[in-house]
Amino acid sequence: MKAIKTITNCCLVLLVVISICVIIGYVYYHFFVKDTTIGVNNIDNQVGMDIQEILKDEDLSDEEKDKMKDRYFLEVNYYSNDKNNGIKLQELKMNYFTTFNLLSSDYRSTGMQYIGDYKGLPLDTWDGNSKVSFLKLNGKNDRYYGTSKESVAIADNYVDKSFNYYDYTNEINWNGITNENGSIATELKRTTEFIIKIDNRAFAISLNKYFDRDVGDVRNIFGIGWKVGEVYNRYYYTYASLFQSCMQAVKSNSAGYGDYYITVDLSSLFSIKEYDIESGKFKTDNVTNIIKTYSVLKFHYDENGARNSTQSMFGIIDNNSKYDIQDDPIDTTYWQERMTYNLNYASKYNGKDLFEYRYSDTYNGYFISLTMDGKKLFANMPRTKVNIVIDLNSDYFTQNNIKIVGLDYNAFENVELDTLTIRGSTDKFYLMDKSLIGTQLKTFKHSKDIIFVGLENATNSEFVEVVI
Amino acid sequence: MTKAIGTILLYVLAFVIIVAAVFCGIQFYKEVRAESYVNGSIDISNRFSQESFNYSATSVVFYHDLYDETDTYTFEKDLLKVETFDGSKKTYQVQLNDFVLLNCEINSGSVFGVVNIDFYDTDGNIVNSAVLNISVKFLSNKTTLTLATNGKENASFLEQYFSDNGIRLKIMEIKQEV
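Top to bottom, those sequences are chains A and B.
Quick note on our numbering: the first sequence kicks off at 924 and runs consecutively.
Quick note on our numbering: the second sequence kicks off at 254 and runs consecutively.
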């Protein structure tokens, strides 16, 4: 029995010795080795997981792919009005997801807009009455202000009213924040958590950091003051802080005006945590002392001032989708537009002549027609208005010994023509069969001396004839 | 009695030390095993140049310089540089939205084109005919795009057109068939 007791005590002593060694090792490692582990989160594009599959489709054009791929967590639109031709406009938008599935159907964006040059400060919730002390290891008690429950509540619920806020869903931007009736939009508070995609995994990001500044514990007697200790005030970062930092970054960029991408460090403002799909909870990270978070910021920086709401990334300025600084806007109501093509001998398509010429021994001259490529071109373009001018006496024809005697068979077949003009001097001008068939020609202009032969078999259009 | 209390205190102390050691051990293990990690990657290196010219936007706003007496309204944009454009050796096609622009003046490092657009009302009458001049200059450090028209009315109709349809301006190299 005594032997067992002795062995137990020995084991216990051994265990205590080992424990002391472990404690010493831990204290030494933790306080003296200072082995800081740095993790890095890189926030790249916020393209839905389903879109990444769609992007592999070869039928999509590069333009369509670029549009789908161009979605970043932070976007800035900045009209500096350096040319003094509009208004100063600053906008920041955050693109994120509403669920952890990270699909395009979960896209949502929230943004803030400031008219002018925003110059804000971190939120100061100075509460001189609450003196919360924190024990420091060196035995000195520093006092902190702005850390009471009331201060934290103020900071957490703070929304800067100097901005206009917009949400974006299903191609539409809107402002759902009102002061009296609550909000149906995403409020940019410190407690707001956005779901974003990093490395195809879901993370939550929230702007909840702060900094403490020594405001000094000062005594004052008869106007003579001296500092007796350190007193800290806590300043809370808000989305206004992020807004100003982004604008400062854009304003100072070395490339100047234009559309560019930069990588910004969000570590001092945002906390970030990973969502664990298996447990359905966020992972807590208690081993990494510092997590650096880098994010792509896409920006447009303009030397002009904003003139109307189409220049806003939300399509809205000051909650007005029809915003325009012009006093007397012109009524631009129209039904359809037509792109007008004025073709002549010099017209080229892909570096080649648009017209071709066939020589006829019988008629002792050339017949003109549109090339097949030209016909295909106009067949594929909607809403065109094509005018053709054939100047028989032009220098080009004279210098190249091209004597035009008429329009060739099927010369302009099925090419929708508005006006055909033939001018110059010749006795007869031959219109071969179907040369103007299916053209829906509206106006036929020609010199008065020209006699047209074969017009009845050349066209099925009713047109206005104008002698010039 | 005193010895018994001392023994109990010793045991309690040993217990506290062991519990503390377990806690420290776990933390120690975590800190020693902690590894740096990187989530995701960022690649914006390809955002400083593009292979061929391609500009798209949802709207265009024309500005009139107060000191300009020609009544010209312009839209100017600095874009990423294009490394491969050579108008003296290669053939290019210029497209504005669904339309191929003919008769463009293509020089070694620039492209100029003129677009005529008629706008019709619901009765089929022309309410505005606007001429849009397009200029693209490929410089060593950037590409500049300038759209210009004459008169406020033309500028307003063109703005409306681009607001309705967006703008997609492309300059593409045409490979000649051998």
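Hints are not guaranteed to be accurate.
Covered stretches of chain B (in silico footprint by chain A; criterion: 3 or more residues with CB under 8 angstroms from a CB of chain A, positions within the stretch not fixed) [to be verified]:
#1 264-272
#2 277-286
#3 305-311
#4 348-362
#5 372-384
#6 396-410
Just so you know, the hints here were simulated from the structure itself, not pulled from any lab data.
As the structure is a computational prediction, the values presented were derived from the model and not from experiment.
Even for Gly, the Cβ is constructed at its ideal location relative to N, Cα and C.
How the hints compare with the structure:
1. 264-272: holds (count 4)
2. 277-286: holds (count 8)
3. 305-311: holds (count 3)
4. 348-362: Our answer is that it holds, as 5 residues pass the Cβ test (under 8 angstroms) against chain A, meeting three.
5. 372-384: holds (count 8)
6. 396-410: Check passed, 4 qualifying residues.
Taken one by one, the earlier hints all hold for this structure without exception.
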